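Number of protein chains: 2
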Amino acid sequence: MTRIACHQLAPVIGDLAGNRARALAAIDAAAEAGADVVVLPELVTSGYVFDGADEARPLAEPADGPTLRGWAELAAAHDLVIAGGFPELGDDGTLYNSAALVDASGVRALYRKVHLWDREPECFVAGREQPPVIETPHGRIGLMVCYDLQFPEWVRAAALAGAELLCVPTNWPAEPTPAGEHPMDVLRAMVAAATNRIAIAACDRCGPERGVEWVSGSLIAGPDGWLLAGPPEPVPTLLLADVDLAGARDKALGPRNDALADRRPDLYAEVAGRT
Amino acid sequence: MTRIACHQLAPVIGDLAGNRARALAAIDAAAEAGADVVVLPELVTSGYVFDGADEARPLAEPADGPTLRGWAELAAAHDLVIAGGFPELGDDGTLYNSAALVDASGVRALYRKVHLWDREPECFVAGREQPPVIETPHGRIGLMVCYDLQFPEWVRAAALAGAELLCVPTNWPAEPTPAGEHPMDVLRAMVAAATNRIAIAACDRCGPERGVEWVSGSLIAGPDGWLLAGPPEPVPTLLLADVDLAGARDKALGPRNDALADRRPDLYAEVAGRT
Numbered sequence: 001m002t003r004i005a006c007h008q009l010a011p012v013i014g015d016l017a018g019n020r021a022r023a024l025a026a027i028d029a030a031a032e033a034g035a036d037v038v039v040l041p042e043l044v045t046s047g048y049v050f051d052g053a054d055e056a057r058p059l060a061e062p063a064d065g066p067t068l069r070g071w072a073e074l075a076a077a078h079d080l081v082i083a084g085g086f087p088e089l090g091d092d093g094t095l096y097n098s099a100a101l102v103d104a105s106g107v108r109a110l111y112r113k114v115h116l117w118d119r120e121p122e123c124f125v126a127g128r129e130q131p132p133v134i135e136t137p138h139g140r141i142g143l144m145v146c147y148d149l150q151f152p153e154w155v156r157a158a159a160l161a162g163a164e165l166l167c168v169p170t171n172w173p174a175e176p177t178p179a180g181e182h183p184m185d186v187l188r189a190m191v192a193a194a195t196n197r198i199a200i201a202a203c204d205r206c207g208p209e210r211g212v213e214w215v216s217g218s219l220i221a222g223p224d225g226w227l228l229a230g231p232p233e234p235v236p237t238l239l240l241a242d243v244d245l246a247g248a249r250d251k252a253l254g255p256r257n258d259a260l261a262d263r264r265p266d267l268y269a270e271v272a273g274r275t
Numbered sequence: 001m002t003r004i005a006c007h008q009l010a011p012v013i014g015d016l017a018g019n020r021a022r023a024l025a026a027i028d029a030a031a032e033a034g035a036d037v038v039v040l041p042e043l044v045t046s047g048y049v050f051d052g053a054d055e056a057r058p059l060a061e062p063a064d065g066p067t068l069r070g071w072a073e074l075a076a077a078h079d080l081v082i083a084g085g086f087p088e089l090g091d092d093g094t095l096y097n098s099a100a101l102v103d104a105s106g107v108r109a110l111y112r113k114v115h116l117w118d119r120e121p122e123c124f125v126a127g128r129e130q131p132p133v134i135e136t137p138h139g140r141i142g143l144m145v146c147y148d149l150q151f152p153e154w155v156r157a158a159a160l161a162g163a164e165l166l167c168v169p170t171n172w173p174a175e176p177t178p179a180g181e182h183p184m185d186v187l188r189a190m191v192a193a194a195t196n197r198i199a200i201a202a203c204d205r206c207g208p209e210r211g212v213e214w215v216s217g218s219l220i221a222g223p224d225g226w227l228l229a230g231p232p233e234p235v236p237t238l239l240l241a242d243v244d245l246a247g248a249r250d251k252a253l254g255p256r257n258d259a260l261a262d263r264r265p266d267l268y269a270e271v272a273g274r275t
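These protein sequences, in sequence, are chains A and B. First residue of the first sequence: 1, per my numbering; consecutive thereafter. First residue of the second sequence: 1, per my numbering; consecutive thereafter.
Here chain A stands alone, though its shape is the one from the complex:
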């Protein structure tokens, strides 16, 4: 069994030192609770609602910067896998809305968000690489960020690459939700899990920022799509769930069906490239 944690947090925009400390404390809390994998929100070190690139730039750092060094230290100390988002400063000065996957051996994958939301293009350049899927000591783990999850093609890419667990740092802006329903972002994650027979751990933020409210929809869904933890109240919260990730390698939907083998890629090929 893999103990998966999502630590919903309330980053404070611009408070790099404070946000770093809150993220490290969240990782410690998850480790204390026996977690093997810890997921943190998107842009956890910086906050989200930037006035523009000039505000985002001083909050960005390279993959060998202090944030990921700090995560790598805790990953080594507690034998953890950590996934979380931060504004990345690329070698050539380009900014990306990135997420990292870190384990006891260091930074295993860096992913640059491909599908950018709202005003993000004013600050960030969109990535061009497939979502990483990494064999870790705690399972085969994929990584993408927030709005990426809204594109079933992208989740499928991670599933076809063998992801057993998809970690999704997010900042989901709140939307109207009918009474008695889960927020649509939560439903999307549940259905993406069931459709691909993978576990999904999406870690959202809380704490209104410059007039933006958040879904605070952090969740852990099993390979059958049903919620194992979350969504919590809109406050900092540690979610935990134990998942047998071996179950995510079995794509059977019954005695004669298989979520991936039943695809008809020959028939999809002409559609995928259609714009």
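Keep in mind the hints are simulated off the structure, nothing from the lab. Every value quoted in this text rests on a predicted model; they were computed, and no experiment measured them. Hints are supplied without guarantee of correctness; some may be wrong.
One copy or two, either will do: identical chains are not told apart, so a pair holds if it fits within one copy or between any two.
[Stated by the list, open to error] Here are the simulated SDA-like cross-link-like pairs (lysine to any residue), alpha carbons at most 20 angstroms apart as the crow flies: (1) K251 with D262; (2) K251 with E135; (3) K251 with L227; (4) K251 with G70; (5) K251 with P173; (6) K251 with A21; (7) K251 with D79; (8) K251 with A174; (9) K251 with E175; (10) K251 with I134; (11) K251 with G162; (12) K251 with D118.
With chain A held as given, fit chain B onto it using these hints.
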């Protein structure tokens, strides 16, 4: 506004004449309620749980057979679009799990289910054509059958072809559902609608058959994914919803995002063909 109807029904296996009459009565009831589009279940004339091809064959008929002739008469009489499923006897004697889209001018599209469930391959050959999307007097309407909806690639194909409403005749076998949750088949339809900003009308069956129970999850979801009607109790039920299908042509997700234009088909192309 387009008034969409799903008429959940309980076909009786092998009772071709009785099932045809029940389908015609359902269409009449929908027309009486002012429907513009009527969706009926998968294999509505035959039932589903066949002992094998020998039982299915005498229940099959060609597209110019009495079932679709009857639907075409009612479509012309009431200016309706009708979508429903039946076992099709192809020109060369091959059987298909098919659905038809019929309007006042006759049979507009015939679709052969591409993704076959469970024992269906013992009776039916899988289709090889894209889901049809047809301009009708009551909107631009796409068509697929049951398990097809479980493949986001397939719904995307219909959306990219311009479907405003996707009609989905289904026979969803019941599965365990946690208390307080919609069945996963219902969630899939809701998320597929929201992901593609299209309306979805899925018409399920009821009435246990040879030990199989059904979700009876008929539903009409708007382009925002939220339920406008259904799912009903597991009995024959007429669901109705008025939908402005022009809303499904607007893919905006906010001032700067678009559900289809934000796709990155260049990055998906290599994945789609992966098996």
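Hint by hint, here is what the structure shows:
Taking the closest pair of Cα atoms, K251 and D262 come within 20 angstroms of each other only inside a single copy of the chain (10 angstroms); across copies the shortest separation is 29 angstroms, beyond that limit. Taking the closest pair of Cα atoms, K251 and E135 come within 20 angstroms of each other only inside a single copy of the chain (18 angstroms); across copies the shortest separation is 37 angstroms, beyond that limit. Taking CA atoms no more than 20 angstroms apart as the test, K251 paired with L227 passes inside one copy only; the shortest distance there is 18 angstroms, against 29 angstroms between copies. Taking the closest pair of Cα atoms, K251 and G70 never come within 20 angstroms of each other, the shortest separation being 36 angstroms inside a single copy and 41 angstroms across copies.
Proximity of K251 to P173 under the C-alpha cut-off of 20 angstroms is restricted to the inter-copy arrangement: shortest distance 18 angstroms between copies versus 32 angstroms within a copy. Taking the closest pair of Cα atoms, K251 and A21 never come within 20 angstroms of each other, the shortest separation being 40 angstroms inside a single copy and 40 angstroms across copies. Neither within a single protomer nor between protomers do K251 and D79 lie at most 20 angstroms apart by alpha-carbon distance, with minima of 29 angstroms and 44 angstroms respectively. Proximity of K251 to A174 under the C-alpha cut-off of 20 angstroms is restricted to the inter-copy arrangement: shortest distance 19 angstroms between copies versus 33 angstroms within a copy.
Taking identical chains as interchangeable, the C-alpha atoms of K251 and E175 lie at most 20 angstroms apart only when they sit on different chains, with a minimum of 16 angstroms there against 33 angstroms within one chain. Within a single copy, K251 and I134 get their C-alpha atoms as close as 19 angstroms, which meets the 20 angstroms cut-off; across copies the closest is 34 angstroms, which misses it. For a Cα distance limit of 20 angstroms, the shortest separation of K251 from G162 inside one copy, 11 angstroms, qualifies, whereas the shortest one across copies, 31 angstroms, does not. Taking the closest pair of Cα atoms, K251 and D118 come within 20 angstroms of each other only across two copies (14 angstroms); inside a single copy the shortest separation is 35 angstroms, beyond that limit.
Violated hints for the displayed structure, listed by number in ascending order: 4, 6, 7.
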